[in-house]
Amino acid sequence: MSSEIFVWPFNLGLYFILIYSVVRSTVWFRNLSRPDKLRLQRGFFGIPFMQSIKEIFMESLLHRRIFKKNFVLGYMHMSLAFGWFLLIVFGTIEADFFGEKHLNPPSHAIFFRAFNPDHGAVGLARAYTHLMDFLLAFILSGLLLAVIKRFIPSMMGMKKTTKHTWSDRTALLSLWLIFPSRLLAESFTCGTYGSGGFLTGNLGAALASFLPAAEIAPWFWWLYSLALGTFFFLLPVTRYFHIPIELLLIFMRNSGITTGDKSSSYTEVQTHACSSCGVCIGVCQMSYAAGINDIQSAYFIKGLRSDRDIAAITANCLMCGRCEEACPVGIELGPMRLIERRQGERPDTAKRFLERYSLTGRRSTIERESTQSYGYLVREEAESADVLFFAGCMTHLTPSVISAMKKIMESAGVRYRFMDEQGGVCCGRPLMLAGRDREARELINHNSDIIWKSGARILVTSCPICYKIFRESYYLEARVMHHSEFINLLIEEGSLRLGYLHRKVVYHDPCELGRGSGIYEEPRAVISYVAELQAVPEEGTMSLCCGGSLGNLTLSSGKRALIAADAARSLTMSSPDELITACPLCKKTFGQATGTRVSDIAELVAAALPKPVKKSRGRPARVTTKSLNHG
Amino acid sequence: MSVRQANRFGFGINQSRQINYDTSDRKVRDYVTLREPSFRLCFACGGCSATCTAGEHISFNLRRMITLIRRGEIDLLRDEVTRCMLCGKCMLVCPRGVNTRNVVAMTAEAIRKLDRNEL
Ligand code: SF4
Ligand code: SF4
Ligand code: SF4
Ligand code: SF4
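Chain order of the listed sequences is A and B.
Per my numbering, the first sequence runs over residues 1 to 631.
Per my numbering, the second sequence runs over residues 1 to 119.
Worth flagging that the hints you see were computed from the coordinates, not collected in a lab.
Here a beta-carbon is modelled for each residue, glycine too, at the ideal position from N, C-alpha and C.
All the pointers check out, no bait thrown in.
Stretch-level coverage of chain A by chain B, calculated; a stretch enters the list once three of its residues show a Cβ under 8 Å from a Cβ in chain B:
| hint | stretch |
| --- | --- |
| 1 | 370-380 |
| 2 | 389-399 |
| 3 | 431-444 |
| 4 | 550-556 |
Over 10 Å on every C-beta distance to chain A, these chain B residues come out as not near it, computed from the model:
| hint | residue |
| --- | --- |
| 5 | Lys27 |
| 6 | Leu34 |
| 7 | Gly46 |
| 8 | Gly72 |
| 9 | Glu73 |
Each computed DSS-like pair below joins lysine-lysine, with the alpha-carbon atoms no more than 30 Å apart:
| hint | chain 1 | residue 1 | chain 2 | residue 2 |
| --- | --- | --- | --- | --- |
| 10 | A | Lys588 | A | Lys504 |
| 11 | B | Lys113 | A | Lys262 |
| 12 | A | Lys302 | A | Lys54 |
| 13 | A | Lys68 | A | Lys54 |
| 14 | A | Lys504 | A | Lys407 |
| 15 | A | Lys351 | A | Lys302 |
| 16 | B | Lys113 | A | Lys351 |
| 17 | A | Lys54 | A | Lys149 |
| 18 | A | Lys37 | A | Lys302 |
| 19 | B | Lys113 | A | Lys302 |
| 20 | A | Lys504 | A | Lys406 |
| 21 | A | Lys559 | B | Lys27 |
Between the sequences and the hints, there should be enough to build the whole structure, so can you do that?
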């Protein structure tokens, strides 16, 4: 039929994007590691599949997570995604039900009204037409919000939106054109034939009263088809590619695939699943406290996608994890950045180009050369101990924390050995955060040796930085505990007698302890036991970074001070007597940023010890009998 | 009397510490200063060295390292720079706000590039 030519832009676009998606997914699947392939295959035929379907419905269509953060933004995303989805589903049903034959090509559903202009005048068909009109109106309401957001971001409660490339702009324009042109095309057609629902029917009648509707209608059908086709064609090179890729990401994640420590198909998929929504920019303290506006995760991901040299962006980040926590797509931004930091120099342009456009699409990884080496460390003779206390480098800069810990452990009768009393070796985490894993391994081996030889059942550390690497990258038999966990255990077991301090305090979650290791409850339990704990504006998973983070090698001390001052202001809003933290680095950093007294949780507990401190060394400690068994 | 001869007699003479502008290599200094401008702020107080984690195990001294960079004595620097653990203690004690860890990282990078004739 010659009148059907107008559907071809749409058809071509649709087939292109379908074929492209299949090819791309196949390549990604082929590049997965064997275990990940197995995971995905198993996930596809099991419970993960159902979870994925549910998650896709809740997140990709209803956008529940965005809803929770910002109602208007959530509504905008939902009306566009869910509305469009329903329009396609009900459109297909309509075409199948009311059309002349069954199993129509997709274009018949999309352009149903163009082929059946006089459909839906009476009865069920008429009711159905109203439903379709309602869905269209639903989408258009979201579109209106999108247009407003584009020009006045602040109206949507957004601090910043990301910048668009020309392809993004063209795709955006075609996306915006799709639904208005559908509205007008349907209205003109309905106006000509006197059909249509409450929206297209009435608008059509009004337009037809003063315009030659029959002649104008085809033009808008063409526009509608062209807008759809252009959008589909441009999809792979724009940020909107995240829409189909996010579905893939959800399947992969629910099958148990994680980022790991090397770049892989999964990192590629995550790179493309970012919607450039800008949520990560809004929560980044580097942006709103230090005025650094080009390193946030949205830009990092964009740089990865466009294969620019992003070494400086990659390095200039606190690794605080706030953006990862806030990302509605659930991209593992921290591990992704670490992978980039581990990379050595980039391959040259020609090689990168070939890699990028070859069928495998695999990026080669060049390992960073070792710059450090610690062959000079001598193996120590280790004394045995049940409980090993490792203060950590940073804690040596806060001697009051060490003496508080000593007092607490002595008061509870813990028989412990102070592993780095005479100065130890760094835990390796700072090197790892700088992408120098091989060098970090040397230090890990050195420390592991001492810990194993001591035969300790519990390893207590006062530094969350050490704590995280002990738990994640050391192979140990000892149970690793942060001192806040350990003190909590002592209290629970009744080994520690404590008074109550009549102080109002607030607690700051150190990044590596909270978001980094998931320890939120124990410190709060300990503090509430000895003092009055007040709430702060951003705590728990969205707690602030103190700015002192070792995760950033390049940030200047001036910028760090800005971040620290801003965070301290937010924490001490309720004018507490004391700001409590559980990290020597946070203590040091905040100490210079606020007039409020800053103490470590150990210092607070030590202050609550009955005076004078009773030395009870010889007494067998309860901690060494009961608790050790589940270490 | 040469330095070695003097040492044999049980007393030491320090080697001349004048900067020899013929052998001094300023490329590393320039590389580091460009990428970590706070390097210029160091006034050689030695606070960093007093607290250094690596310095507790081996002769390693960040203040000395910075001096070597400034003097362009690359050969003495080459080994020295590998010893730092990037632990960050020095950064916290430095009264001048020198971003010491990045000074070490950039120096290591500069020397690697120098050795490959890329500087
Ligand atoms: S990384 Fe996450 S939060 Fe940031 S722009 Fe992408 S999807 Fe949004
Ligand atoms: S990890 Fe923290 S500093 Fe880095 S980009 Fe995310 S929010 Fe910003
Ligand atoms: S970062 Fe390096 S120079 Fe600084 S204290 Fe640690 S080991 Fe010493
Ligand atoms: S502490 Fe700072 S100013 Fe002092 S020697 Fe070290 S780097 Fe230089």
